[in-house]
Amino acid sequence: MDLLAIVRIAMRALARNKLRSSLTMLGIIIGVGAVIAMVGVGQGAQQQVQQQIAAMGSNLLFVGAGTVTRGGMHMGWGATKSLVYDDMQAILRECPAVKAAAPGSTSSAQVVFGNDNWATRLNGTEPEYFDIRTWPFQEGTSFTQGDVETGANVAVIGETVRKNLFGATDPLGETIRVNNLPFKVVGVLSPKGTSAAMGDDQDDIILIPITTLQKKISGQNWLRWIMVSAASRQSSYAAQQQITSLLRDRHRIRTGQDDDFFVRNLADMADLADQAGRVMTLLLASIASVSLIVGGIGIMNIMLVSVTERTREIGVRMAIGATEGDVQRQFLIEAVVLSLIGGAIGIIFGTGASYLITETLGWAVLISPTAIVTAVVFSMAVGIFFGFYPARKAARLDPIDALRYE
Amino acid sequence: MATVTQPEAKVAISTGNRAVIHVEDIHKYYDLGETRVHALRGVSAEIGAGEFVAIMGASGSGKSTFMNILGCLDKPNSGRYLLEGTEVSRLTKKELASIRNRKIGFVFQGFNLLSRTTALENVELPTLYAQITKTEGETRAREALELVGLADRVAHFPSQLSGGQQQRVAIARALVNKPSILLADEPTGNLDSRTSVEIMEVFQKLNDGGLTIVLVTHEHDISQFAKRTILFRDGKIRRDEPVGARPLAAEVLKNMPTLED
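Chains V and F are the protein sequences, given in the same order.
Sequence positions in the first sequence follow this note's numbering and run 1 to 406.
Sequence positions in the second sequence follow this note's numbering and run 1 to 261.
If you're looking for bench data, these hints aren't it; they were derived computationally from the structure.
Just so you know, not all the hints are guaranteed correct.
[Unchecked claim] Pairs of lysine-lysine residues, derived as PhoX-like cross-links and limited to a Cα-Cα distance of at most 20 Å, are as follows:
id: 1; chain 1: V; residue 1: K215; chain 2: V; residue 2: K184
id: 2; chain 1: F; residue 1: K94; chain 2: F; residue 2: K75
id: 3; chain 1: V; residue 1: K393; chain 2: F; residue 2: K205
id: 4; chain 1: V; residue 1: K393; chain 2: F; residue 2: K94
id: 5; chain 1: F; residue 1: K205; chain 2: F; residue 2: K254
id: 6; chain 1: F; residue 1: K75; chain 2: F; residue 2: K93
Using the sequences plus the hints, can you model the full thing?
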């Protein structure tokens, strides 16, 4: 008996009990739909986090001033004064895996323009910074290396600052007052959004030449951080090691002593977020699979009822020449057809649910072909697994008893 | 009647005088807990090609067990059963299924047609389990339905057919794979007397065409339409004799009131 004929017979048997078949299918539909939607949400979130991390900069490494313990007092991150401009130049000079670097120092600032004022973060850096962080300008340009050398009063502002101070006014060329010093706005950065890692608004920022910050505002000559760009994503791990050993050497830290700085690798963070995302996706998928298993049990239940109901039919089929294998195949295929149709509808249902989630909750949902293929294979496996026992039971019937069954 | 030509006839006749069924000292018992029930206690018989045998007996006489063994649905505990010269009692389940499919046609008391399945599809069913193409199976099914006089009912569902018509569909289904023997277990048990005679008319017609028929019945009237009766009692054959004045069902029908009367 060829497969096509068995499938046709199975379809007809299922069509005989439309309501029952569709209710049974509903279990699989919900199961597969839930798996597709949940995996979609998980993978969508994962992708979004990856995009946000990538948006932070290309192959970024963050070298920060570290902690120091003075007289038994733990001073916290950024308390050391040991990270200096010469360190950055040494990194550029001696670490082959490093492509570019920009120094940084931070202060808080009260900014005034006209009648409006705004409290924000004030960062001093060099023009390289914008390349390292792959941060484009929506208007104007960066301040120049010349501005850094002369300590000019020029500023680049973030989108949040622009919105709060200028509104509809064009900020280019306007003068703002930062901690009562006048600064000319030369550039406005494109919005970057909320940072995935810290959760803070990256656009709430003003950047000025580092020399201006150190000499005119903070009065400090050490650095809070150095932004480093590695040559590639792979070399970022090498860069991390090179920087660490170089700085330990320069800061004269003996073996066994703690670093007075830290190097954070964005590739590390991306991997970490990837892992977290995968765990979340797996968790969601496994919760959703529970409903798929429940659906499978529904199939088994209905198939068992069906075998009992059709005992005489099985007897007749055996009497006219069906082998045990024929009967087993027939019922097995019936279960598989049931679960496959359920799976197909479940994919549509799950995809629809994903779109609904995207529309109403604004979450990114990613329906991958892998998820769909997995769902189809899984629902078929459910059909085979839960259809096997009832089919076996049908095949094992004694034709004489089956024919006599009332 | 004798002018009826059919493919089944050629197959059955070609076996000549050789016995289609040859059973030798068959024993069958069932173990029900402590007690052992003997259903058959040494049955020997021979049924030749073209015979029409009615098996009679009270319930518990062993006739049903005998039919199940003849139909390869059951195996004897001892003894030999040769179907067209093949020793059947030693075959595997799968081989038995194949024998049932190709050499034996079953007709049951309760018709046992698949509901919500047309007459044609019901008749096609055995061809699905044979190595026959779909078109060949359909052609044969149409031929078989024509043979039992239901050519105009191919697309009807069992629920749209009368009892007699349903039994004819069942007979067509039994004939579709051109078996060597037709086994009918109380085929008229669920039918009124006129319809019963109509079914016997079909059997006599098929038998005239050369088909070997074995029929189980407990009605004496029905058994008289056969050519030979075998009486079972307590698991043994008590009487085996030819039917004397065998009535022709076609003639009997002429003198019977129709349903409309």
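Outcome of the hint check:
no. : hint             : result
1   : V:K215 to V:K184 : holds (17 Å)
2   : F:K94 to F:K75   : holds (13 Å)
3   : V:K393 to F:K205 : violated (41 Å)
4   : V:K393 to F:K94  : holds (17 Å)
5   : F:K205 to F:K254 : holds (16 Å)
6   : F:K75 to F:K93   : holds (10 Å)
Violated hints amount to a single one, hint 3; each of the other numbered hints is respected by the structure.
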